[in-house]
Amino acid sequence: MKATRKLTAGLALGLIALVVAVDLGSGAVPNPYRAPPLVALGSGLAAGGAHCAALPRN
Amino acid sequence: MTDITASPAVTPGFQRAALIGAAIAVVALVALFVGARFALLLAIGLGFGVALEGLRFGFAGPWRAMILRRDPAGLIAQLVAIALVACVAIPLITANPTELAGAHAPVGFAMIGGAFVFGICMQVVLGCGSGTLVNAGSGNPVSLVALPFFAIGSFAGAFHLFWWTDLGTAPLVVFSGTGGLAVTLVGLAAVGALIWWKAAPENRRVPRRLWIAAAVVAALALANLIVAGQPWGVVYGLGLWAAKGASILGADLSGSGFWMAPVNQERLAQSVLTDVTSLTNIGIIAGACLVATWRAGLGDALPRLPLRAWIAAIVAGFLLGYSSRLAFGCNVGAFFSGVSTGSLHGWVWFAMAFAGSVVGVRLRPRLGLEQRR
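Going line by line, the protein sequences match chains U and V.
Residue numbering for the first sequence follows our numbering, beginning at 1 and increasing consecutively.
Residue numbering for the second sequence follows our numbering, beginning at 59 and increasing consecutively.
So that you can see chain U by itself, here it is in the shape it has in the complex (with noise of 0.2 angstroms):
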């Protein structure tokens, strides 16, 4: 039987499951109820700046 693109697909799944499984074992939970509001603009919060144009500085 040949391999199919399905199994590729497949496993691009599973790599993105695994990434979100490991960081929740991790203790990485989320809490909803200290969730920023639903939309930045008009929010009042400084943008958090996990970008990759962001230079940080310490």
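Incorrect hints may have been included.
Claimed, not checked - Distance windows between CB atoms, simulated:
| hint | chain 1 | residue 1 | chain 2 | residue 2 | range |
| --- | --- | --- | --- | --- | --- |
| 1 | U | L45 | V | G235 | 21 to 31 angstroms |
| 2 | U | V29 | V | L307 | 41 to 51 angstroms |
| 3 | U | G44 | V | L252 | 41 to 51 angstroms |
| 4 | V | C145 | U | A46 | 19 to 29 angstroms |
| 5 | V | G235 | U | S43 | 15 to 25 angstroms |
These aren't lab readings, by the way, just hints derived from the structure by calculation.
Here a beta-carbon is modelled for each residue, glycine too, at the ideal position from N, C-alpha and C.
Dock chain V against the given chain U, drawing on the hints supplied.
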């Protein structure tokens, strides 16, 4: 024909309804257990995945088409999408500089070199930042192999980032306000005109599909900015996944100024389900998989490639991640979001990555990535 159609109990209609139901269920679970904003960002990511795969809107492929066939359609669509975002994003960020952040980064030696290397590698694996996610989600084995190494490379590049930026970095240049928007739109029009002039006369047309794709991708990118407070990005989330994995395995990140910065320490301590780029990355992979399944496009046999092609995918995957950290983003974070939010580095990234792509297009067949048997 899919395997599903072989079963009389599962019709394509039922399968498609199940796909939509599953996507809605996952978003609802995130809303319930993580928060409404994070569910909305996952939904935006799913939208990106559906749009990019469903409307075949990409970056690496259109650049390749321009280089090899002088076909400008995909590249023009990219510029239109960026212009649409810029028209809203630059005034919004100028008016709300605290709540909304642009993809603003300085130009420097490492940034320039990183963009050039990224351009080579994105043509080797024929997938950029978003393209690698979309291709992996739709079952492309080369992208699936490259993806984990992309994440490791992004982590490593971020680990060393300050060493690289200390080699020489110019002050930040941002085009803001009405004047900044005008500069950006004139620049995009000039690049578009140059591409149109260089295009083969018989290829000088843009299919309706790409106009729709440009509008949809622009709308999603603006939604990303307004909901998250930051523009669409890819690379940060991948590096964060690898950094979390390294931490769990006992790696010491205290030697890295980047990963020890307060904002990144906070991201490392909190769930990936609360990280903006992680959520949209997950959504892009899942959305592309949804479209590929919807189209019954997962039945194709996997290509048989020589060993050197798989090694090239691993090396290029790592370099995609590493170089995009030095370049302050990939085609999404630096080019699309950088230019559309007024950052000079987005323009420099485009020039250098396109030059790298010219090299990469010629390198790809030599690495066995086009030898399919």
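Hint-by-hint comparison with the structure:
For U:L45 and V:G235, the Cβ-Cβ distance of about 23 angstroms falls inside the hinted range of 21 to 31 angstroms, so the restraint holds. The hinted window of 41 to 51 angstroms between U:V29 and V:L307 is violated, with their beta carbons roughly 20 angstroms apart. Under the hint 41 to 51 angstroms, the C-beta atoms of U:G44 and V:L252, about 43 angstroms apart, fit the expected range. About 25 angstroms separates the C-beta atoms of V:C145 and U:A46, a value consistent with the hinted range of 19 to 29 angstroms.
The hinted range of 15 to 25 angstroms is satisfied by V:G235 and U:S43, whose Cβ atoms lie roughly 23 angstroms apart.
In this structure, the one hint that does not hold is number 2.
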